[in-house]
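Fit chain B to the supplied structure of chain A, relying on the hints for placement.
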Amino acid sequence: MKYLKPMNLKAQALNRASFSSSGDGAKMEVVAMQTVAGCASTMDPGWEVDAFGGIAALCQPMEADLYGCSDPCWWPAQVPDVMNSYPDWDMDKPNAGADWRQLNNVFPKR
Amino acid sequence: MSGKRGLFVSGLTLFILSAVLTSVSANDSTGDFKGKALVNDYCAACHEQTDKGGLTRISDVRKTPEGWDMTIFRMEHLHGLAVDSDDRFAIIKYLSAENGLSPKESAPFRYVLEQRAHFVDTAPNDDLDALCGRCHTNARYGLQRRTAEDWLKHMHFHVGQYPSLEYQARARDRFWWQEVTSKTYKELAELYPFQNADWDQWKAAAYKSPVGLWRVTGHRPGQGGYEGIMIVSRDGDFYKAEYDLNDMGQKGKSITGNSKSVIYTGYEWRGSGILNGTETREVYALSEDGNRMTGRWHDAIYYDIGGEFQAVRMDGAETQVLTQSSDYLRQGETKQIILHGTGLTGKASADKGLGLSIVHQDSNSVTLQITAGRNIAPGSYRVTVGQAETAIVVYDKIDRVKIMPEWTIARLGGGNTPPVSAQFEATAYMKGKDGDIKIGIMPALWLVAPFNADAEQMKDVDFAGRIDQSGRFMPAAAGPNPDRKYSTNNAGNLTIIGRVKDGDHQVSGKAQLIVTVQRWNLPPIR
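The listed protein sequences correspond, in order, to chains A and B. Numbering-wise (numbering that gives the first Met the number 0), the first sequence opens with residue 0 and increments by one. Numbering-wise (numbering that gives the first Met the number 0), the second sequence opens with residue 0 and increments by one.
Isolated chain A (complex conformation) (with noise of 0.2 Å):
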């Protein structure tokens, strides 16, 4: 975080705790390159896992910041980003905490 500040609180010491090249990170890098096939490691929060190797620090539930996460594209390469590349992934399913269960798989099945 060198060239960027968070306004909160919770993202600073998030930021503290999550992966930083300019040293301060070094605990969490290792959790970082055990990063399971396919898992993100954008560790504010993540998405799988937190920056502590845990779950304890993720948005709870899921749901509750889902299209926080879609609209701005955080995890694209897990959930669709509505923002460029699947505008209508979240369309009519206003509610992700009661309508989760319509969202689609954005890669067609193989």
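Think of the hints as simulated: they come from the structure by calculation, not from any bench. Among the hints, a few may not be true.
Here are some, though not all, of the chain B residues that point toward chain A, as calculated from beta-carbon distances under 10 Å [stated by the list, open to error]:
id, residue
1, Ala138
2, Ile300
3, Trp406
4, Lys484
5, Val516
For glycine and all other residues, C-beta sits at the position ideal for the given N, C-alpha and C.
Using the frame of chain A, we list chain B on its own:
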């Protein structure tokens, strides 16, 4: 079975099965001609002809069949390309042949093609992990070859398509854009160059046919080994495989079925079929000499469930042991162990200390009655059948149990997303003079515990799912759970404990399992 097949196949297999090509061999010219014409028809509207007779972008990249599939899907959903499934298959086949990867180039990344749910993916270095590997596997770019110029264009694509990527964790502490457009693209061009003598050679090579009789061995995690025979025959542009296999975990139980497959780039076997009534997908690589096939098959819906696969051509095969029903016995124990392989007609013998008698022998399998002397030293003992050699471990006690995978995830399933389970296995070790000696995979008693205080407080163990006594953890249902604090998901941070019995006591090992949320983006290369 074949009459029914048309009903369930989809996608890649659909266009495999419904393709209307005339009979072509792997690097055959009529197929080339048709593929080339289709690429011109469909792609040249946006991708201009270059001086060298290629098409911009398309002629500067090389990738796997799955990589081409993903790119063409993007051409469809982002750029408005409309292509029917027969043509799509012909285009992928042509591009994989013209601009594919050699067996050596794809070798380090087969885990992704094989859909291994538990593989830990590592980057060539920390910078690439932060710049690229934080979003998707490092294999996604490791399985591509581009000119430096095209790697640079692909950096532009990323930031144009995902503009928020510069503000995300692990990107905002660096000048992402400046870095990838001045340094990283050159590094990628050096690591994964378009020009490569190995590819040139492979492209010009005469590809081998898989037709023939094969000796098959493999392992299904949690279920045990299997062995048997596969017969591959030609079926138009495709290959048909018939399987006649035995489940080594459950004596006398057979596994039968068949598959239909296509071979891309002269070695990339992709099949779809049925094994004991379950729809399967096959991702194998044919060896360069055409005498071996290795890879993994998996359930068509649950990619986490499947088996390791190895096949050896029987015609002209050397004498060898490929797998065995058990790798170990205890001091003083007598046990029947079956060796499976090819050409096993020779005389059986063992290192001093092991008593041996033959119960049954044919060229594919030898059943041995083995006795380990009560006073022989623990360690690895050689058993030979003619020229074939294998090892049996004699142990006195188990010193350590290792649970594999040591760290992994499972995903909650629900709605349109199937769950992803996690399969654990317990391997026993004993102390040796030069470090631990692996004894082998053993049955275990499986338990789940909270990984830390957070998990304990949130009662993750009660909500996240269950483990069965084959070591398979089945995650609970997805979605917010009103019975949990914050109505959170059934996610959990768990310790998986496997207890192996050793005489009158137990030795345990541990692994960590994160049960986490689903994903809605499931391309073949994660």
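Results of checking the hints against the structure:
no.	hint	result
1	Ala138	7 Å, holds
2	Ile300	8 Å, holds
3	Trp406	6 Å, holds
4	Lys484	8 Å, holds
5	Val516	5 Å, holds
Consistency note: the structure conflicts with none of the earlier hints.
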